[in-house]
Amino acid sequence: MTRSWKAAEKGYDEALASDDAARGLYSSVIKTLSRMDDAEVCRRERMQEVSLVNQGITFTVYGEDEGTERIFPFDFVPRIIGSDEWKVLEAGLIQRVTALNLFLEDVYGDQRCLREDIVPFDLVLSRSDFRRELVGTRPRHGIFTHIAGIDLLRDDKGGFLVLEDNCRCPSGVSYVLENRNLLTRVFPELFANYGVRPVDRYPHMLLETLKFAAPRGRERPSVAVLTPGLNNSAYFEHSFLAREMGVPLVEGRDLIVENDQVSMRTTRGRQRVDVLYRRVDDEYIDPVVFNSKSLLGVPGLIHAWRAGNITIANAPGAGVADDKSIYPYMPDLVRFFLDEEPKLAQVHTYIGRRKDDAAYIRDHFSELVVKLTDGAGGYGMLVGPTSSKQEIADFATKFNAHPEAYIAQPLVEFSSHPTWVGNEFAPRRVDMRPFALYGETIQILPGGLTRVAMEEGSYVVNSSQGGGSKDTWVLAEELVP
Amino acid sequence: MSAMLARSAENIYWMGRYLERSANLCRNLFVAEQLTVEIRGLAPSDAIEFWHGFQKVYPGSPQDKPFADVDKAMQAGMHSFLLGTKNAISVVTSIHNARENAKAVREYLTREVFEQINSCWLHLDAGLRGEELPSVLLGQVQEAVFGIGGATGRTLIRDEAWTFLDLGVMIERVYRVLLLLRHRMPALISPPSDVDIPVHHALLRGVLRSAGSLENYRRVQGAELTPEIVSSFLMFNEQTPHSVAFGVSHVQGDLGDIEQGGVLTEAARLVGRLSSQLKFEEQELLGRHDFATVCDALLSDASRIHESLTRLYFTV
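If you read the protein sequences in the order shown, they are chains A and B. Okay, so the first sequence: first residue is 11 according to the numbering used here, each after it adds one. Okay, so the second sequence: first residue is 150 according to the numbering used here, each after it adds one.
These aren't lab readings, by the way, just hints derived from the structure by calculation. Hints may be right or wrong, so weigh each one.
Sample of chain B residues lacking proximity to chain A, with all beta carbon distances greater than 12 Å (derived) [stated by the list, open to error]: (1) 192; (2) 225; (3) 303; (4) 310; (5) 375.
Output of the computed footprint for chain A on chain B, the stretches with three or more beta carbons under 8 Å from beta carbons of chain A [said to hold, decoys possible]: (6) 155-162; (7) 242-254.
These figures come from a predicted structure and were not determined experimentally. Positions of the beta carbon are idealized from the N, C-alpha and C atoms, including for glycine.
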């Protein structure tokens, strides 16, 4: 090697067994990058930045001036997963998504898992994402989570753990496709010696999934993507998916419900919509049923859905399955619904609504990651081990006011990956979000969004908090160059 | 993709209008800059007046106080119409709006089209940060605007989205050429008795270049340069792409594509009547009224066509 590679001091290093010693799968990538001098790497990095800016591959950050656009930092060192390991992951993800869906079908149906006390009745009923209005509703084929994103971490022993489930509007898949597109253009030589499984079938898979979910009797269903609009942080993705699937991107104001039929306003009058891939949260989707002040939704949409005249993907109410306070019960739910042992491990979790757990959390703030059960995007959380005494004290005040609104987990020393920062490759922590599509079968996209904490020592990978992303390679067959 | 969303059709129509407006503004700013250099020594007051005339050619732009100095008039005009973020009719505002429209209809655009629009905006953004001289920036932006035209022409599928884009481009073109003729030509048609002929010709060439038609005019009319022939060429010639007749003929074709032989709509009737006038009533139009009145009437027709399109297709 002509350049030095530093392995992670703490936790598992995805690419390096030790300093300057690449793991088998990574040897070709590391050799190729080692042959490039800094000037060349910087030139390529600049190319990729220009490409992202020119293509407008951006997201909007909440809380900043309206219209502030940022590119999602992209790191070109790919994350590589071998085919054998992927098979194990894939089986685990299919099992988990199956269980999540069965849970949803059950809580809005017979509620067996509540009656048999697998999950406490009052816990589910008290979740803001549990929609009482929808009890008794069963979507076509019983599928609630047509699209799911499961966040994974690799622990210090190299095993994958589920960190959280995303069953509402999981975002990030557009970056999976764009990252691959970008890497093939800017660093084509990295692909030599690897059989990388393609990800660009995703829009086709998604469209097939959505069509499968169409209401009964619709031979050629009309599909649309529902977005909150241009100012939403994930608008690029909404537009990208509509474009890639060749379907309209609609806003609430483009839709109208008459006689429980949903139509969009077109230049040739009203045209029926059969399937809506919504990227608007439940809360705002129908002002008649949920938030009456919502201007983003469509009055009467839920009624049309309950009448079976339109499919909404993901189904309203699906958010209760990814509530952080349901997460600790997932292993039991897998056993209950599938009569199998969970194939994917998960992080031990303390539940603020349990008195003992709340007391433990209070005594161990400095060792725990404490999160709001209905929080997302890295907001409203405390990373104890990296927080100051004052930050912990401030957070404790909030926690003590509503302990039931929190869960806590021990800090997982999750894996790191070589990442180009400044003018060198350095280890940075990474997670991964694979995407599952539930149509006729459950399909897992061979890849996923690897998010990377760009700051040294940071555990926060969220894009809204400065995180970046990587291309994730799933190999078609084991290949050790 | 079947019928377009009404909101998307409106966005793409306005994207076309804003892109055409930017192209028109860039061309006019270039012409004004060059004309100023050409005539300032001979007729400084005409050079200043040419810049002041911008406010009439682009109604809705801020009314600056008159300048007595050529350089100040040029500097103020260039800044206001190239980088004026508070000027609703500036290049920067038009490209910003076109980009917002493009973002709203990205699923109808190719990657190439969006990248060209984005790249044009990035030039202007750099200009707003003072990283480039206005004259250099103007060249970059004009090239980028041509690039957008190339990308749309070469990559977009000819479907309903294309038709609404072209409708926007052509309506805006008709409107802009008519405004140019309305405010630049009357003074040239009736010049003072002591008119300086070289300056007069420079100003006529300026009008033709502002309409992107000088070379085409020469191919058709040769070296003869009179206000009457220039007016007639820019109004009635159906072959030059920046004439009123060319624009109206395209609007008529676009509406025919959208309506696909259905019931004759109000917009189609209005365009049909306008097209007939331009084809068959040149002498009557110019003989009956003075030129400014003719332009005003045609401008009013163009506005009615736009309003009718909005009612028909965008507010379903």
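Results of checking the hints against the structure:
1. Non-interface call for residue 192 of chain B relative to chain A: holds, since the shortest CB-CB distance, roughly 44 Å, exceeds 12 Å.
2. With a minimum CB-CB distance of about 28 Å to chain A, residue 225 of chain B clears the 12 Å threshold, and the non-interface call stands.
3. The Cβ of residue 303 of chain B sits about 18 Å from the closest Cβ of chain A, beyond the 12 Å cut-off, so the non-interface label holds.
4. Separation of residue 310 of chain B from chain A is inadequate, the least Cβ-Cβ distance of about 10 Å not exceeding the 12 Å criterion.
5. Here residue 375 of chain B stays apart from chain A, with its beta-carbon at least about 44 Å from theirs, past the 12 Å limit.
6. Coverage of the segment 155-162 of chain B by chain A holds [criterion: at least 3 residues with CB-CB distance below 8 Å; count 4].
7. Coverage of a stretch by a chain is defined here by at least three residues with a beta carbon nearer than 8 Å to that chain's beta carbons; for the segment 242-254 of chain B and chain A the count is 3, and the condition holds.
Violation of the numbered hints given earlier is confined to hint 4; every other hint is satisfied by the structure.
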